[in-house]
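So the sequences go chain by chain: A and B.
My numbering applies: residue 130 is where the first sequence begins, and numbers increase by one.
My numbering applies: residue 1324 is where the second sequence begins, and numbers increase by one.
Check each hint, because a few of them may be wrong.
[What the hints assert, rightly or not] Computed from the model, here is a short list of chain A residues facing chain B with C-beta under 8 Å:
no., residue
1, L149
2, L155
3, T276
[Stated by the list, open to error] Negatives, chain B to chain A, calculated, CB over 12 Å:
no., residue
4, R1341
5, T1557
6, R1568
7, I1582
Derived by calculation from the structure, the hints in this document are not laboratory data.
Virtual Cβ for every residue (Gly too), placed ideally from N, Cα, C.
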Amino acid sequence: MNKKSFFGEFNVRMIVATALGAALFLVLFYFVKIPSPAPNTNIQIAYGIATFFGALFGPVSAFLVAFVGHAINDFIGGGLGGIWWSWVIASGIAGLISGFAYKNLDLEHGKKPGVMFFAWNIVAHAIAWLLVAPVLDIVMFAEPVETVFVQGIWSFIVDAASAVVVGYILCVAYAATRSGSKSLDKE
Amino acid sequence: MRETKLFAYVDKGTFVHRLSGLTKLVCFLLLTLATMFTFDIRVLGAMVVLSIAIAIISKLPFKRYRAFIAYILVFLLFNFCLNFLLAPDYGENLFGTRHELIVFTEFYTLTLEEIFYQLCKGVKFLVILPLGLLFFYTIHPSELASSLNGVKVPYKVCTVFSLALRYFPDIQRDYTNINLAQQARGIDTSKKAPLKNRILSFTKVLIPLVFSTLDRVDLISNAMELRGYGKDKTRTWYSFRKLERNDYIAIGVCILVFIFVLVMRFVVVKDLFWNPFI
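Chain B on its own, in the form it takes in the complex (with noise of 0.2 Å):
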């Protein structure tokens, strides 16, 4: 149960928080698509403060993900070594030079440019993990759905995300019980029981819960029927929130944050990575 209360909406608020819905999701959109272009390792780190200033703003608990953020820097560590296995020349044949550290063999060598490869790897990481986070703990469901219809997805479309929202902690509750009754009976689907067990004994977890949510479908698909969903091309969203001076204030500064993102790629430095090395 806790992990629900870790993505959940608190309304704080704060500066971020008074933001309208489709500010947010544009600033996000456009930070996340900025960091998808570059490598660079200095835009990168100006990001990361950029980032995280961001989330000190809108004072996102770091304390809570604590456990998180170990988690991530564990599956950085085993991605790195998934890499130096397969292709531990990847950063020297990307840099074009080759700063030998710890010779194992001919071919498995651990060079400078590798680590400096992976660093920028993780820093990437670092700049979208708190956006990510903020997104969930300043953005209301119902708000999203507008927000989507903002930037013209289908209103059916947006419906799907908010609804979707709106339901995973009642399904997460089904399937906890659902998981706890069959245990309860005999099954096992911990981590105790063998593989070959443990997939079978989830299909008796999964087929009580996907029938579950049918029914749940008919009932919510019936009251929305009712009261006339679907009947138009256009709807209007109950938590559309006007955009104001701050709204303009924060769009233009992420505008401004892509175009620098992108005029350093293509213009200033004209590759993926900054190269240290030349």
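Chain A on its own, in the form it takes in the complex (with noise of 0.2 Å):
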């Protein structure tokens, strides 16, 4: 079980999944809008695909599946007509952390995610909204500070809160199709 590599397998599966993981996550991210509270923010519950395809694929997948499904995003102007490759850029580290949850997954033996993968998460989705994301925004865009960081927050909440919630209930319906290593029993 230890012989997963940490970033994940290359193979045609993966790459399939990848792609199909990318499309489902712009599907969500362009046509699922939840409006939360703060201006400027939505729920996007997209987040949660993006942790879901890196506990089942690893982090590069994860990265991609964010990364591509939120560039096309924008380059079909869900970006609200700019390309806000600081945005893009940090979706795709947000899914490369949430991503190094994977080696210690076993999700294919029906176990449920445990502390670390909420950890990974959170942590991941911290660097991506409280520092990249502000940080390019400043140096590409060249957006007030404190606006940036305002938005970053917010987005930081928000985005956490769905990537986990959504990536949980989907890794434990998940794992629950899949029958543990130890279900058949010796009569």
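Two chains, two frames, some hints: make the complex.
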């Protein structure tokens, strides 16, 4: 079981899953926007998808799911006309770090995610929205410092919550469809 | 369903459509990168003219994007209000002068500088918007993959891009179907439901959606494996087009624009903003 590599397997299944994961991310990111109480931010349940694919296929997959999904979203105008490379990169990094939980997960054998899953996800979104996105916003778009950090804090709260909640629900649902390694009893 | 058609590839056979995918990608990246470097309103103004000109040449149906453009204007207005609430003095700090227009309080004063700063940001949107729409309007998904590979992106990552674009409409259709089916069973995911119920209802749409997608992953990856995908280090592309004279002209023009922007930014103005107040 511990043969799992840290960055995930690079086989055909992983590539296809990543692509469809990105498409799924894009659909949810583009069409499902639950407005949050904060201005200019939505509850993006799409981040739960990145977390889920990270848990199944590793950090590289999660990075591409979030990065490609968010990039195409901005290309087709979901970023309201701009291509916010700063936030696209931050999304990718959030996915990447949340995927670090992959090595210690064992969803294939029906085990639920543990504490480390939550820890990596919260760390991932903290780094992405409190550090990467605001700093890149200031460097690339000359946004005022106050605005980007207020947006960053709200995005962190909302996105970390949706990643953890939606990601956890999906992981548990997936684990429930897998039989455990000790599901056969000797009679 | 309307939205997918909004960004679909339509072959109109114009000058831009006939360019190689690689050219479109390189030009798109060059022009959007160039706008990232500057807030000089004169440069941005010139680029707005350029990007709208390209849009007209390639017969971009502006009418279809009317609602969309209105949406963006509302967003910009919103962003302006947020910036004004949090940092009303940002503009004057940038430009170093203070031309008061409307005085609410000592701190909340609407200055000419603030308006100018917001104007620069708005114009920047106007440059990137037609370019982004154009890119997807004129490029075929598999052509996108081959052109990404042309700029040395690993071909497996290119596959991720083109497969994601290819399956976007399918998954969107699944999403609509599952959403409607669950609503028929009494699960309310519309705006009428309270926030907490809405999030719970969404998971009941999400789980079938994700699992049907995973089934599809097995199907596609089996098919691709049977065709020997991923066995070699490189691959060729059916939709690859060789660069022709027009491609070199287009790339050349974009490189010139890019250099022009960089020169304006680092040699002529030496600042992110052009300051008309001094």
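Here is what the structure says about each hint:
| no. | hint | in the structure |
| --- | --- | --- |
| 1 | L149 | holds (5 Å) |
| 2 | L155 | holds (6 Å) |
| 3 | T276 | holds (5 Å) |
| 4 | R1341 | holds (21 Å) |
| 5 | T1557 | holds (15 Å) |
| 6 | R1568 | holds (28 Å) |
| 7 | I1582 | holds (20 Å) |
Hint violations for this structure: none, all hints satisfied.
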